[in-house]
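Student: Chain residues, written in single-letter form:
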Amino acid sequence: MTHSDADATASPLEFVSRILGQAWRDLLSVYYANTPIWRLLKSVGLLFFGFFCWSASNLVLSYGIDWTILRYTRSYGFVLILWGPLTHAVIVPLVIRLRRSAQTPTLRTIARQGSKINISIFLAIVLVLGTFPVGPMTLDFQTTLQGGSGSDVNPDLLCTRSDGEIHCHLSESEGIDHVVVTSGDREVERVDEPPFEFTIREDNLEEVVGQQEFVVELQDEGGDTIRRYRRYVSSIPET
Amino acid sequence: MAHTLDVLGLFDNEYRDDGFRTCSVTGLEVHRSVENHVKLFGLTAVVALLYGGIFAFTVAMTRWEVIGLLEPDAFYTHLSLHAWNLLIFWMVFTEIAILYVGGPMVLGRRLPLTRVAKAGWLVMVGGAVLVNYAIWTTEAPNEAPLLTAYVPMPVSPLFYAGACVFILGTVVAALPFFATMWYEKRENPGKTLPLVSFAAFVTSIIAVEALVGGLLAFGPALLWRLELIQWWDAAWYRQMYWIIGHGTQQINLVAMIAVWYFLTHVVAGAEVVSEKVSRTAFILYLFFINLGAAHHLLSDPAVSTGWRIWNTSYAFYGATFASLIHAFAIPAGIEAGRRKRGKGGGLFGWLTSAPWTNPVFSSTIFSIILFGFLGGITGVMMGQLQLNMTWHNTFATVGHFHGTVVLGTTVAFMGLIFFVIRTMFMRQYVSERLASIQPFFYSAAMGVAVLMMMYVGILYGIPRRTAEVVENIPGTEFSLSAASPLFAIFGIFALLAIAGGVLFVLVSVGSLVFGDRVENGDDNADLVADGGLGMAQDPDDPVHAYEMRGTFVLCLIFLAAFVITYLLNWYLLTQLWSIGA
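Keeping their order, the protein sequence lines are chains A and B. Note that the first sequence covers residues 1 to 239 in the numbering used here. Note that the second sequence covers residues 1 to 581 in the numbering used here.
Simulated from the structure, these hints should not be mistaken for laboratory data. Yeah, the Cβ is synthetic: ideal placement off N, Cα and C, and Gly gets one too. Some hints could be false.
Now the in silico label distances, taken between C-beta atoms and shown as ranges [claimed, not checked]:
#1 B/G346 with A/R100: 16 to 26 Å
#2 B/S274 with A/V215: 52 to 62 Å
#3 B/T357 with A/L13: 24 to 34 Å
#4 B/G346 with A/P93: 34 to 44 Å
#5 A/V215 with B/I492: 35 to 45 Å
#6 B/K276 with A/P136: 24 to 34 Å
#7 B/N188 with A/R100: 32 to 42 Å
Non-contacting residues of chain A with respect to chain B, defined by C-beta distances greater than 12 Å in every case (computed) [unchecked claim]:
#8 L27
#9 L40
#10 L47
#11 T68
#12 F132
#13 C159
#14 I176
#15 D203
Output of the computed footprint for chain A on chain B, the stretches with three or more beta carbons under 8 Å from beta carbons of chain A [stated by the list, open to error]:
#16 39-45
#17 256-264
#18 450-460
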């Protein structure tokens, strides 16, 4: 009787149980497949899967969805990153070898029960780490969102022009050490004292693709740029 | 007889008096004119890969702030050189070679207009050198262009000139391919093109569309930068720019799929499950794939909401559907082809008994798997109007296109270069072992690096293009230091991936220079899995007589990953907007 004939005459229950049985046998055959390429594919596949479970669970947890199951999928993923490759690159091949060559009763028991022992240890570690998570397995996604001391340096740069001169000032000067104004690769102004107002002449500015422009950089004590503004003369309102 | 411009004996295969020879691996009638030009463009591509790869090191070691190699200004210059050499020059030179393979070589014709092909190569090289020079010598007020030199940002006019020259050179180099198609159809009006030629033809049409878009972007921008015209519309520029900016990546995609069909057939005995379905998928690409470019403009104020929704929620799925067809058709072809030769063996035996030690095969398969899982799924995510908001301009975007053009296209093209070394340059690998290891090493390391790029981008909102973020963004308390553990993993695996890239260059160039010469067909017998399709008990059996349940299971796994990733991304979005909070 062919496969399709069997399907046609089987009851739904038999059909489902046959499908599940086949799936279980396929799963076992994949678990015990022991050629070098199978070992590699399974190890790398589980490594990627572990990364995914670990990071995705961390992510959802950190957004405040405190489902207990997520703590265990996180732990599962975290342990799998190491245990997946260990299982398929080392333990399964070892178990298969022992089944052929084990001489002593202890080794024969290990060979017979090796995979179950391995999975039991793995699941035990997952349960322990799921219940008592250690530091490295907890990714903190919320730190950046819960700050808010309000120390951003982000003032408005306000400029006006009249009679060939451009006058600029900042809406606030807290957190700034000095201000450097450049045009092209030339420094045209440097202001070291608050409130960092400055006036520059239009004819002192370089022209880039038909537009005179200048760049204002707010810098800290070490000379690192905090904020950078580029302004075109044509877009500055006249007073 | 050796070619007049022969270097290191690389152009001296044995041809018959009519200039043809029969390839012992593919069975194709190969003419000297085609083969030599494929080699010329292929070698140039590897030079670009090497040069761009050097900047992969400096860029990755800057973004990994524990090292913090470069200052911000130098970083952007290096990033621009990395992008242009790898994303454009390595890819496009290889793609011209692929057009010559898919056209005249598969059709068993000589390459027409060989002087035009050489002129195209010269102009392309000139353009590439000019672009590199312009970027390397960038000085204020100009900025290094990366791939988004948006007007009115000042960029060296030499850059725009170089880009135009390169585009023109590419069009010229493609002309012999179009002439081949013209001659073929004139001589055989009722005959269908082979699938690989058909794929190459679709590639070429998308390429011309992209290149013309590029000229329409860069040409006026050059005139504006030279101040011959006073003003240029920035919104128009962005629209036109992305026709080439993303269009070139679509050329990569379609060329890569052509390579998948070609190499899986040759080295793994794959059959085409349904020619009509596969051809239809290529036609879908023709109409819809370039709409993928729209995702770059989804945060752009210049386009309407209707435009965004049309491009990203309806029309774009035409291309996604095509990719899903190929995602099933190619593994199914491998499975059925191998089962036909008695290489089935259970659910996945057809896959595990495949020639994994052959780097051509392993490169192709890793390209298929990693492109699908890491590049393809994320492409659909970020190509969607709503989800794009969580991806746009984050490092996750960089992860996405490294998933497509590095893990997908570059890995496939590396496999093709391995194939060309054996079958056209007629050289054995300088080390069989290293050649076998390279695709595994490179793909695995790059895979983890790409995953980390996506994680730090989508989970922490790490921006792209900046030299430093983890230490802090100067002047703010907006610290992203929580991402540093994942950045450490990224840095280590980026280094390993670069080592894998170096290994590729060493093996390929080493094989050309020091590899033993392939003297006869038997020397290349190992390239063909299990003796080829001729080994099947009944080679004429229809492909549908064989089951493809392994492929079905793989597709279910792919679907599950797709659904989970999709849901997770939507979940992230709802959290961003605090829906229901």
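Student: Work down the list of hints and note, for each, if the structure agrees.
Tutor: A quick look at each hint next to the structure:
no. : hint                           : result
1   : B/G346 with A/R100: 16 to 26 Å : holds (21 Å)
2   : B/S274 with A/V215: 52 to 62 Å : holds (59 Å)
3   : B/T357 with A/L13: 24 to 34 Å  : violated (46 Å)
4   : B/G346 with A/P93: 34 to 44 Å  : violated (19 Å)
5   : A/V215 with B/I492: 35 to 45 Å : holds (37 Å)
6   : B/K276 with A/P136: 24 to 34 Å : violated (53 Å)
7   : B/N188 with A/R100: 32 to 42 Å : violated (60 Å)
8   : L27                            : violated (9 Å)
9   : L40                            : violated (7 Å)
10  : L47                            : violated (8 Å)
11  : T68                            : holds (18 Å)
12  : F132                           : holds (20 Å)
13  : C159                           : holds (18 Å)
14  : I176                           : violated (8 Å)
15  : D203                           : holds (17 Å)
16  : 39-45                          : violated (count 0)
17  : 256-264                        : violated (count 0)
18  : 450-460                        : holds (count 4)
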